[in-house]
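Peer 1: Here's the letter readout for the chains.
2 protein chains.
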Amino acid sequence: MEFDFMRKIYFLLFLVWCTNAVNAQNNVLNGMPMPAHVQTNNAKCRVVKSFSAAVVGHPGQRVYSATTRTLRRLDERVGLFFKQGNIANIDTSHNATLLVQVHQPAQLQLYEDESYQLQISDTQIRITAPTDLGALHAMETLLQILSVDAQGYYFPGVNITDTPRFAWRGLLLDVCLHWMPMDVIKRTLDGMAAVKLNVFHFHFSEDQAFRVESKVYPLLTQLGAEGNFFTQDEVKEIIAYASDRGIRVVPEIDVPGHATAMIKAYPALASIPRKYELQRYYGVFDPTLDVTKEYTYQFLDTLFGEMAALFPDAYFHIGGDENTGKDWENSPSIQAYMQQHGIANGHDLQTAFNSRLLPILNKYHKKVMGWDEILQPGVPKDIVIQSWRGGDPFYASIKQGYTALLSTGYYIDLIQPADYHYLVDPAPDSILLSDEERKRILGGEATMWTEHTTAETVDSRIWPRTAAIAERLWSAKEIRDVNDMYRRLDIISLRLEELGSTHLKNKAMLMRRLSNGYDTKALEVLVDVIEPLKIYERNEGDTMYNVFSPYTKIADVATPDQKVARSFRNLVDAYLVNPQVSVQKEITGHLQLWQENDAAFMQLVQRSPVLQEAVILSKNLSIIAGYGLQAMQYLNGKAQPTTQWKAAATTALKKASTQGGRCDLQVVTAIEKLVNAVKVK
Amino acid sequence: MEFDFMRKIYFLLFLVWCTNAVNAQNNVLNGMPMPAHVQTNNAKCRVVKSFSAAVVGHPGQRVYSATTRTLRRLDERVGLFFKQGNIANIDTSHNATLLVQVHQPAQLQLYEDESYQLQISDTQIRITAPTDLGALHAMETLLQILSVDAQGYYFPGVNITDTPRFAWRGLLLDVCLHWMPMDVIKRTLDGMAAVKLNVFHFHFSEDQAFRVESKVYPLLTQLGAEGNFFTQDEVKEIIAYASDRGIRVVPEIDVPGHATAMIKAYPALASIPRKYELQRYYGVFDPTLDVTKEYTYQFLDTLFGEMAALFPDAYFHIGGDENTGKDWENSPSIQAYMQQHGIANGHDLQTAFNSRLLPILNKYHKKVMGWDEILQPGVPKDIVIQSWRGGDPFYASIKQGYTALLSTGYYIDLIQPADYHYLVDPAPDSILLSDEERKRILGGEATMWTEHTTAETVDSRIWPRTAAIAERLWSAKEIRDVNDMYRRLDIISLRLEELGSTHLKNKAMLMRRLSNGYDTKALEVLVDVIEPLKIYERNEGDTMYNVFSPYTKIADVATPDQKVARSFRNLVDAYLVNPQVSVQKEITGHLQLWQENDAAFMQLVQRSPVLQEAVILSKNLSIIAGYGLQAMQYLNGKAQPTTQWKAAATTALKKASTQGGRCDLQVVTAIEKLVNAVKVK
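Each protein sequence line maps, in turn, to chains F and A. Take 1 as the starting number for the first sequence in full-length UniProt numbering and just add one per residue. Take 1 as the starting number for the second sequence in full-length UniProt numbering and just add one per residue.
Keep in mind that the hints were calculated from the coordinates and are not lab data. Accuracy of the hints is not assured; some may be wrong.
Which copy is meant is left open, because identical chains are indistinguishable; a pair holds if it fits in one copy or across any two.
As a list, the in silico DSS-like pairs of lysine-lysine whose alpha-carbon atoms are at most 25 Å apart [what the hints assert, rightly or not]: (1) K215 <-> K367; (2) K236 <-> K215; (3) K563 <-> K521; (4) K399 <-> K367.
Kindly produce the complete structure, drawing on both the sequences and the hints.
Peer 2: This is the structure we're talking about:
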């Protein structure tokens, strides 16, 4: 995984200059993830009706499909009605506009070569790659750099060589807490491929549901899925779809905790005999497998055997997180077993359990992964640790000799901004690691837990932020310019729509629904500056929401990383450093809009009472915008502030951090900065 | 199917008065289809957090599911977090807010009782229905009349008794010309249920593809579907989903023409030995089954037997349309057979074919349907005729003793306006029919052929116009007020979004794509007044499009029934009758916007050359808007027109009907009216 950092920076700077000087729509620098090496030239490969693609070398079906899709996706943008249909054979004429040369088809496995070279001249686009995986990545890069000038569409002259920094670049999708049907899975896989992610972590067993058909244990879905599950044929379809896009599918069956659905279906697995129902709320629950019974191991051996055959990937995830241990403590037979076997506590019992699962899964030729709770003294070194509880255990596990994967910092369900995730590095310079240790960092995984996300809103929780994480896992660690990341995130966001992502369109749709058929404008203005409560604040005490709750409210239409709010914060920062008139005008424009919006919003609430819960946000926004406007006047010396004014403003700003509809305002601190900048004599 | 028309009109008028007088957001009159009898009272049944639903009587699973869905859909609108989970049992307490009483579960079959009564008092909503089908319809009506006042959400006091005019209210969806995946099917079924349609006509065999798995003839999909087909499990899922919503699924296997995919998979079926490939273009093709071979009958017997078992509905559609007869004419063996058996021509041969299929399908307990071409002398009377080629053959078939279904006038793929479809009546007063004959009119079916429609655009071709057809098939024939239909269509259009329809959101999405990341405003202004070429004009000579063509262009973002254009036409008509200042201002506002829009649009085209094809539309719009503005000045006596001016305007208007991007302007005739109204001395 070599890369040439200084050379790259040099070219980037050169390109910035070229781009500004020559043509604002040359997209060489708009891609995400940023490639390792980019060399430009003045060529322009025009996209015309006779555009064609050909595959040479020793390709597999994957490259044929991907090249055909590339052709269609390109034509859907340029609208030229290319003549070529499906690509299904080697074409040795070498005359095609896009020539894809592949040395050999890849095995979908960790550390497979994903590198590629993309060369564009006036007459041809040449992709060369050791494996088809590289060729797929190259085509995604190609589609990202399509450019426009006065003569029309073209691909800019470039020589890109590229390879990922980390071999494991994943996204976990939880299909249990809310059901995610096939179309969600497929468009998620398409989006992943577009940003060069290569592992789909399929989280399908939970307290609320078990969502993959077992033919050996059919009750798992008959009693544990309420009709919403994937048949084995559908799982095969998902795996084939993913494989076609160069994405591995790693299954997770979470044991011994988070297993209420399994226990409801097969109560003999339970630690405590009681009536089991699927969990309807979200959080951490007590039902736990009885790991002292032989039945449990026979059951898991059979189930894992079936699932190991269904999922071809070499890795198998056994969860292991958030076992409360209470059911073990309350079971006399388990306590007796522990005493008999000298097992001191629940942690040790879980480690004993894991140690028995390991040979079972090894028997099925699987490598085992688990969440970082499984990292207890005595856990075998060949279990891969997925870290979610913080960076320290992650690096501790690496230093102890484990191979590990980072998810801490990539919990996209927690509604944190993209720049937060972007700056989390799996192998930061601040941690002293040997080369050997560094090699044991496989990469990372974004995690999409779906407590507060339905099929309608899940895309807006995954995209575009996950593209920033994808870049962190693919590109050089020195690529950390947050502003440039946000600039490119806006571009990739629109490109993801082409692949079916609903993150933009469902936001508009939900606003129409929330506005009850009336004009959405007042709602839009408010939504632009609010975000859902972050981390675990939205579901206070784990009691506000359950699986029947409506997820069509203002907290569902609001998204992370609200652009208007971010841009306002940047404007204020810029203004306070250098109070330019143009910036001042932009700021007051925003503030006036917000101040006046409340009247229109209140009218809308009369017509759509579901918005009532957001009234406090709208009122507070109006009030603090008013103070912001006054602050701007004072800052411009147009009036003289009083101590009373500043005290009142400060009080109002404090009040404005109150939540409404499980959201809060994202411009409070920026307005506070304006108020604080006002000097009272 | 009695109904009380004068009483209804009386109540409607009364309601209009009440509605205007009391509360503009009482939605009793906003429903679609309009119920048969509506009686209002002053009650208001408030929707509060403790809202609950219960089912009593002798319901089946269908009512439990539907009531649960109703609860969730309501909560997703009002956002109150109802406490009730899934409904799965009889609740004899009779205390629920919504009480659903069902006499017995329905068989999903023609002429099953679909009537219901819906009574709303201050404290309770009571639905009573002979079958669960009626209860399902009642719940859709209920969700349509949710109202709002200053105290919040309520259901208005009402006593509705309702029953459909026609027993067969269908929608054909062609999944062959373009692939339509499961999510399209499901959301289409949800939309159908919302407007009380009850037959899903599943058109899955064509020249371009065969899209339902056969286990007996697996090559049908292995060679005939390019990977895009429904497995038998998925078909069962579709049927269950439809059944859950009270919708029958009628399969169509189109024979002996439109059968290229079948022939490619099993060439022994062919009339002419040649190399067969799936058709890539659209239109009518020669490949035809050889109906003189015993193999063909054995094949169809086996295939129909398999499909008859898969699809439980009593009806089975054998297509029979658009057989060119050429392959039969060119086959020496077929010609010899015809001579030998005294068969005079292709029509007679097809009739002989149909006569042999009939007993095969009867053996599998199926009634047979076919397109109106099969209506030839000698065709058995128990074949149901589906008319698509015009009203005359339809009524002729009725008079000849056939049972028939109308699709002529309901071809929604042809982009005609909703009012055109709305006014087509399957049993109009203008046709003299006996009661007996009238009874043989089963109803009608909207047909969604998908040549020029992908999964991304199909919803905008189906909705909301199909709701107008649904009303025609359900409601009294006297309900024909086009303006009121359009008013309600806007409302139902938004309600259909709640069920997942993408007809609004994908329009916005396609505009973002077409604008290449730039502001979509100029494109929106243009798109608002253009529509795709209608009837069969878009695909000139059947050569412009094929299965690989991009359907992401301006003709795909443009929809039928553009509201801005329609409203402008209405404004002009109103103005020419009564030139009010307010109307004049609205008209000139539109014209100015259009005149000025071209500059912004041209800038956008520079950045997004895919829009180049629409430049002519934008230019012409700008030009004729200019003439329109001048006409308005002349009409206001502010200037004196010249003969030259009028001639120039007329020429420009003539030119403005030129297509661009397979669309045309929808405001030309309206502006022409303004110009024509100008008197030159």
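Peer 1: Give a verdict on every hint.
Peer 2: Evaluated hints:
| no. | hint | verdict |
| --- | --- | --- |
| 1 | K215 <-> K367 | within (23 Å within a copy, 37 Å between copies) |
| 2 | K236 <-> K215 | both (14 Å within a copy, 18 Å between copies) |
| 3 | K563 <-> K521 | both (16 Å within a copy, 19 Å between copies) |
| 4 | K399 <-> K367 | within (20 Å within a copy, 73 Å between copies) |
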